[in-house]
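2 protein chains.
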Amino acid sequence: MNTTNNRSAASRPVDLKNIKISDRYWQSYVDLVNNTILPYQWEALNDRVPDAEPSYCIRNFRIAARLETGDFSGFVFQDTDLYKWLEAVGYSLANKPNGDLEKLADEAVELLASAQLEDGYLNTYFTIRNPQQRWTNLTDCHEMYSAGHLIEAAVAYYHGTGKTKLLDVARRVADHIDLRFGPGTDQIQGYDGHQEIELALVKLYEATGEPRYLNLACFLIDERGKEPYFFHQEWEARGRTSYWNPGVVQSKPPAPEYHQAHKPVREQAEAVGHAVRAVYMYTAMADLALHNNDTELLEACRRLWSNMVDKQMYVTGSIGSTHHGEAFTFDYDLPNDTNYSETCASIGMIFFARRMLQIEPKGEYADVMERSLYNTVTAGIGLDGKHYFYVNPMEVWPAASSGNPGKHHIKATRQKWYGCACCPPNAARLLVSAGQYVYTTNSDTLYTHLYIGNETDLELSGRNVRIRLESGLPWNGNASLEIANADGSGSFTLALRVPSWSPATVFRVNGAQREPIIRDGYAYFTGDWRSGDRIDVQFDMTPRRIYAHPQVRANAGRVALQRGPFVYCFEETDNGSPLASLALPENAELTSAWEETLGGIFVIEAEGVRTEAPGEESAAPLYRTSPPVRTPTRLRAVPYTMWGNREHGEMQVWIRED
Amino acid sequence: MNTTNNRSAASRPVDLKNIKISDRYWQSYVDLVNNTILPYQWEALNDRVPDAEPSYCIRNFRIAARLETGDFSGFVFQDTDLYKWLEAVGYSLANKPNGDLEKLADEAVELLASAQLEDGYLNTYFTIRNPQQRWTNLTDCHEMYSAGHLIEAAVAYYHGTGKTKLLDVARRVADHIDLRFGPGTDQIQGYDGHQEIELALVKLYEATGEPRYLNLACFLIDERGKEPYFFHQEWEARGRTSYWNPGVVQSKPPAPEYHQAHKPVREQAEAVGHAVRAVYMYTAMADLALHNNDTELLEACRRLWSNMVDKQMYVTGSIGSTHHGEAFTFDYDLPNDTNYSETCASIGMIFFARRMLQIEPKGEYADVMERSLYNTVTAGIGLDGKHYFYVNPMEVWPAASSGNPGKHHIKATRQKWYGCACCPPNAARLLVSAGQYVYTTNSDTLYTHLYIGNETDLELSGRNVRIRLESGLPWNGNASLEIANADGSGSFTLALRVPSWSPATVFRVNGAQREPIIRDGYAYFTGDWRSGDRIDVQFDMTPRRIYAHPQVRANAGRVALQRGPFVYCFEETDNGSPLASLALPENAELTSAWEETLGGIFVIEAEGVRTEAPGEESAAPLYRTSPPVRTPTRLRAVPYTMWGNREHGEMQVWIRED
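Chains as they are written, first to last, in this note's numbering: chain A, 1 to 658; chain B, 1 to 658.
So that you can see chain A by itself, here it is in the shape it has in the complex (with noise of 0.2 Å):
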């Protein structure tokens, strides 16, 4: 079996319009943001949710196009909610059509495309507010942010749709800012505060075929971190002020590490500063590196990686230890209920795990991809679909999230919208695009990344390929790849994850089991593949203990559960509270048993201790020298992406091991 070259080989994802999700757990999702998250949050874009914080977003279209007089209101970002929409609404109509939600989204197509001014640009914050101050505070007004989120949705809309006015709009867009960015003297040698554009760029590009795009990337990227700084510069040419403090002369230039600006990206080896904007550079990073074959920006991707989620990894595939700046701290600070843990971080995290799966396919990136995707980005939408956690913490009590300052940002239900409302639309717009996470494929190898079950039209060493993935996951660990149908003949080899999480997975090869080469995480068969061949696998589903590094200081003495891919946690609903009361024994066994309860799960349980004061426990003194007495009880936990939608309590993922 050769797989060199094929593993040096750059895959891509399947179009959307290839992959047909059908997947028990994942077609709820699915249609939870084609049946209710895409019609809720136009509501919410139109201001038109009872008792949720406004969003104003349509209506800054609406006055920036002189349809309504009114002034801006909402972040300076506001209008990349709507871009989010959109590129949402075009994953979701590429698979499946949808005649009223299309009518939607070409009314939004028409009001803002009517808000972009005759140079290009586009940004109804400037428009309405500012429209002489454009490309002066490029550390603080996402103005290249929100035009990446553009051209994301219209690069979407487009490959959803077919239809080029929405793209027409993004390429103005790219070209003024092409125009007005880049090494020349007549240009602006700058970059964005929040990246994302560079990322956008290159979809555009793929699109587009346009090479411009793809070296605007190049120059935003490689720009980033020179010296002297230019937050710094744009910092003293518009008088030392900041948009987020108006009129006050500040004493400090802005901190080029919120940025990742602190040094060229090339030679950043931690990942540092607001956590988004640092996986958003660094899905950009990786894109350029597999395009241009750069090899030395290839290295500060792995680099980035290796630091991000070996030392600043939550359990639940999230980064952000502080919410002051939504930002990382430092090696092994993983507090866990001071976090922040952002959803949108945990997105980000995905989009730069599937680069570089498609770089080097190595089953560390996919297990990320998987734990972020499975843990975290659910756990932001509640299972009505109507609500929303921005923050994801380990550990919450809601006397605390409401009564100490310092866990003000720890929200204990979701919310209904926000006001800096990037996590919904964010998660509406990946969950309705998994399939574009599954599968990577090359010319001659079919890598499979997640479990989702689905029917998959690819070309395969140039035959025509129906696969079929069932997939009992994340519930039960049978997944069985099958060629529905294939055209010709000769070899191509089909590459299936080994998730770390599994240690004992057994493989059959048309019934008959089989010890395939592992690679990477990765099992490779290569075959003569036939229509009915069939690969199965099974999982160890078996409830495992997850340890932290002993440098975790929060997480000492602690053990976290994980069955499959799931994280678990603990809930104050299911076990009592304080939940800090509650011990694991080491030696007690961990059961699982399917419940009907939040949909259908596997709940997991143990014989576990409870240890309280002596007496009556609430009259006890707030130090005493008697130890406190350990009672036997029945230890319940429950996946940590599903928490908060039963009665408000508290939630704990690392509980005491006895």
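Please keep in mind that the hints were generated in silico from the structure rather than gathered at the bench. Think of the CB as a built atom: it goes at the ideal place given N, C-alpha and C, for glycine as much as any other residue. Just so you know, not all the hints are guaranteed correct.
[Claimed, not checked] Covered stretches of chain A (in silico footprint by chain B; criterion: 3 or more residues with CB under 8 Å from a CB of chain B, positions within the stretch not fixed): (1) 306-315; (2) 545-553; (3) 575-584; (4) 623-633.
[Unchecked claim] Once the Cα atoms are required to be at most 30 Å apart in a straight line, the calculated DSSO-like pairs of lysine-lysine come out as: (5) 252/A with 252/B; (6) 411/A with 252/B; (7) 411/A with 311/B.
Go by the hints and put chain B onto chain A.
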């Protein structure tokens, strides 16, 4: 034995001139204050400490007195640094004459007197910067707070030296305020944002006999919390601005809870807001309850004491669970690594506790007074007397103090000085007036609250008595109270506190073991005592494990160690890193031994357990399924109050119990 009448009669502290501290442990602190801290802080006030944050304090007075030109610098309450220093000097001179120190202080008094205005007003910030805005922003500007510290200094300096110059200055300030504030139609019905003057006015009343000062204190206390809120009225009157954000019109008025002005103090039941303001106010409330025999106010004091001590106090006798507003949070919210636990707040607790002891001698007050004094207040000062903690955490990871913004307030080493230098001189004034906390006495009973060796002259039952207290505390458990001299005859009572940490205390009277009546934590001995009579006490110094209430989630599964009055902690220099990897087995024997480190201490040692990642530690994965390896290790704890006096490193009070 009839002590009922004795108990109901309020007691008072002894005059500092009549108590000579001669205590192995405390003498070193008193010497440190006299020989190091007072001279060093004088240099700091004069901006002559290299590499320390400048104080500007003396310079401000010189500018206000027109002896120098320039602008005001520092915090709006910067004057109080000099006042607290003068107060400490007053106590020091009462104990021990010192011509050089007195000369410096007299010069400082001359200086500040020359900055006083014709109408009695004295505040360098307003005199230099904003003379026309006096008394327009009591919420933020600490005008009465500063005046209060001046008054306290004046009373102490008068008692210490007999000189009246500073007392006259203070009376003129108090008279000025008494004219401006009160129930009259030409007066302001207001009060200060930072309580302090209330307790100071009681001292001024006690020193001068002038009832107007007591009445003014009553007015300020009872006006507080009435609706409409004074802070809201003056905020409206000055155009909704704050001192802290000049030029910005605020959308929200000041939060009255922060200043304990959310409801009338008599109705308050929970400790809320800024912790130092709270305890200064509670102290004045207890003072007024005492002087006015005000049972309603006393009930409020008892409620607030109980909430603070039984629900919101750290094991080291510190308060303030969050640095946001240096404030209380809510019941049982006692995080170890993000707390504030300001040194000044523990000083204020000691003030409050002493007043409550005067009203009702109960061991619970003295226990807390001792806990705060021996653990937090002295922790605030380095053994060299030149470095200070403002914040006193239960757990320190130096990398997090610098790398996690939510922990920036947790300093891993004592600082030379602070821009807001409230704590260093506050600790100095308390340490040098420790004699005011050892005893309280009424006509026929001497209450011994703290076992700090001394000789004291006082009158009991009309007899002149000299008491000699010898004490091995905090290190060894032998103490004796001897009647060094007593004229005449007649019965009086010696009431000795039985610390809650000593469950097996043995008493001997003139060598014979006795079982005294013990009530509310005091052992009562009544007799016609003669010269040479003595009561020997033997405390139980067994090291003890302390457990927290199960609602204190941060300490679930953890234990702290205490021996005598000292709470212990684990330092990296003794135990390696990470400290979180250490655990103390439930049944491990605790041994204590004298060592000549840190000036001589008893360390506590035990056979513990270290949990480590299997394999090479630094290369271990972030998450793994193999349980940590446990290795035996010798644990070593030192008194918390001395932490941070050796190598820089981690510190932890609460250790995991295994």
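Structure-based check of each hint:
1. Requiring three or more residues with a Cβ within less than 8 Å of a Cβ of chain B, the coverage given for the region 306-315 of chain A holds, as 5 such residues are present.
2. With a cut-off of 8 Å between beta carbons, the region 545-553 of chain A has 9 residues touching chain B; three or more are needed, and the interface restraint holds.
3. With a threshold of 8 Å between beta carbons, the proposed coverage of the region 575-584 of chain A by chain B holds, since 5 of its residues qualify and at least three are required.
4. Only when three residues or more bring their CB closer than 8 Å to a CB of chain B does the claim for the region 623-633 of chain A stand; here the count is 6, and the claim holds.
5. Proposed proximity of residue 252/A and residue 252/B is supported: the alpha carbons are some 27 Å apart, at most 30 Å.
6. Under the criterion of a C-alpha separation no larger than 30 Å, the hint pairing residue 411/A with residue 252/B is consistent with the structure, at around 23 Å.
7. With a CA separation close to 24 Å, the supplied pair residue 411/A and residue 311/B stays within the 30 Å bound.
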